[in-house]
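Protein chains: 2
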Amino acid sequence: MSEFITPLEKMIEAFRRLPGVGRKSAERMAFGVLDMTDAELADFIMSVSNGKASIHPCRRCGNITASELCPICSDESRDRSIICVVEDSRAVISFEKIKEYKGMYHVLGGVISPRTGKGPDKLNIASLPERIVSEGVTEVMIATNATVEGETTAMYISRLIKPTGVRITRLAYGIPVGADIEYADKLTLLRAIEGRTSF
Amino acid sequence: MSEFITPLEKMIEAFRRLPGVGRKSAERMAFGVLDMTDAELADFIMSVSNGKASIHPCRRCGNITASELCPICSDESRDRSIICVVEDSRAVISFEKIKEYKGMYHVLGGVISPRTGKGPDKLNIASLPERIVSEGVTEVMIATNATVEGETTAMYISRLIKPTGVRITRLAYGIPVGADIEYADKLTLLRAIEGRTSF
Chain A
14 MSEFITPLEK
24 MIEAFRRLPG
34 VGRKSAERMA
44 FGVLDMTDAE
54 LADFIMSVSN
64 GKASIHPCRR
74 CGNITASELC
84 PICSDESRDR
94 SIICVVEDSR
104 AVISFEKIKE
114 YKGMYHVLGG
124 VISPRTGKGP
134 DKLNIASLPE
144 RIVSEGVTEV
154 MIATNATVEG
164 ETTAMYISRL
174 IKPTGVRITR
184 LAYGIPVGAD
194 IEYADKLTLL
204 RAIEGRTSF
Chain B
14 MSEFITPLEK
24 MIEAFRRLPG
34 VGRKSAERMA
44 FGVLDMTDAE
54 LADFIMSVSN
64 GKASIHPCRR
74 CGNITASELC
84 PICSDESRDR
94 SIICVVEDSR
104 AVISFEKIKE
114 YKGMYHVLGG
124 VISPRTGKGP
134 DKLNIASLPE
144 RIVSEGVTEV
154 MIATNATVEG
164 ETTAMYISRL
174 IKPTGVRITR
184 LAYGIPVGAD
194 IEYADKLTLL
204 RAIEGRTSF
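So the sequences go chain by chain: A and B.
Residue numbering for the first sequence follows this note's numbering, starting at 14 and increasing by one per position.
Residue numbering for the second sequence follows this note's numbering, starting at 14 and increasing by one per position.
In short, the hints are calculated from the structure, not lab data.
Predicted, not measured: the structure shown is a model, and the values here were computed from it.
Hints should not be assumed to be uniformly reliable.
Unchecked claim - Coverage of chain B stretches by chain A, computed from C-beta distances (three or more under 8 Å per stretch; other residues unrestricted):
# : region
1 : 18–27
2 : 33–42
3 : 50–60
Note that beta-carbon positions come from the ideal geometry of N, C-alpha and C, so glycine has one too.
Required output: the full structure, derived from the provided sequences and hints.
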């Protein structure tokens with residue numbers, strides 16, 4: 014037993030393929046499954062399969078939904094004049110958690126990446142200019158991640174939607190609130206200086 | 014979307030029920046599932062169900078196995094004169110990892126716990142005296158965890174097997190190697206003093 018018995022090893026490997034799961038956590042989860050009753054395991058598998066089967070991108074914004082439109086697109090109280098462009102639905106959830114942003118979203122489903130060969134055609138980008146016009150949008154806030162690929166994608170989108178005349182904004186970059194300047198990396202500090210405001 | 018859409022929430026809750034998985038990790042895993050292809054998910058589910066279905070306790074020692082006997086019980090090169098009594102198969106794996114212990118195991122499948130109403134009859138204990146006699150065992154090393162319940166279980170087993178005349182030993186307790194005495198809790202320090210050796 015210098016290595017685990019095969020079916021257990023396969024189960025551990027399956028858990029390891031999930032994002033953020035290391036070897037040790039995968040082992041704990043696999044043993045957790047062994048400790049489950051058959052009914053508990055059936056329920057686990059059902060929840061996972063059902064989730065996967067019933068969730069798909071919102072027809073309008075690309076956010077995840079179990080219906081045709083996502084909860085945000087179908088919420089009549091949201092401000093339709095502003096669209097926040099994000100890489101994925103995880104970002105939507107982060108925005109929604111702060112309960113401050115009341116506009117709409119446009120979920121790209123990734124970023125432009127020459128490295129992985131992902132071009133704009135593989136992303137939910139083409140429908141954005143059309144949405145801006147047909148929905149009477151006045152501002153597009155680009156909120157891709159602060160990475161090279163996120164920046165490239167932001168640039169691409171900005172150029173693509175410029176002809177619509179919409180106001181295009183970008184999230185502010187700088188020192189995270191509560192963080193020590195000493196620990197900020199060079200690029201963040203540079204952005205914080207560039208984006209400095211008067212007081 | 015102040016809360017997640019229902020099928021996603023159910024999937025997150027399913028992952029949360031696995032040991033050691035917090036809310037944030039469960040969310041990442043659920044999104045990981047959404048990012049999988051259908052074939053990848055089918056493979057994940059297959060690995061988990063197969064693992065659960067094919068793994069059961071070893072007929073002799075109670076360790077997990079996919080066969081009748083576990084890899085250790087079926088290994089002819091192991092030293093059959095010593096049995097290490099552990100709470101679960103995770104402990105077996107920990108012992109096996111250090112590659113020093115060459116004896117057999119006896120896996121209890123838990124500890125005696127008045128709190129959860131788990132009595133000795135719910136554990137793999139009854140077959141131990143019989144094993145000691147029939148397998149010609151000369152030493153039983155009790156390696157239950159250093160908790161109140163682990164201690165109680167160790168006491169119970171010790172009393173149960175005493176009549177066989179086998180040598181009964183217990184793992185040493187003390188300061189973990191590399192740890193600072195300053196950070197050792199009172200009980201550990203007490204045990205370290207009690208178990209002190211001459212040099």
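Legend entry - Hint numbers contradicted by this structure: none
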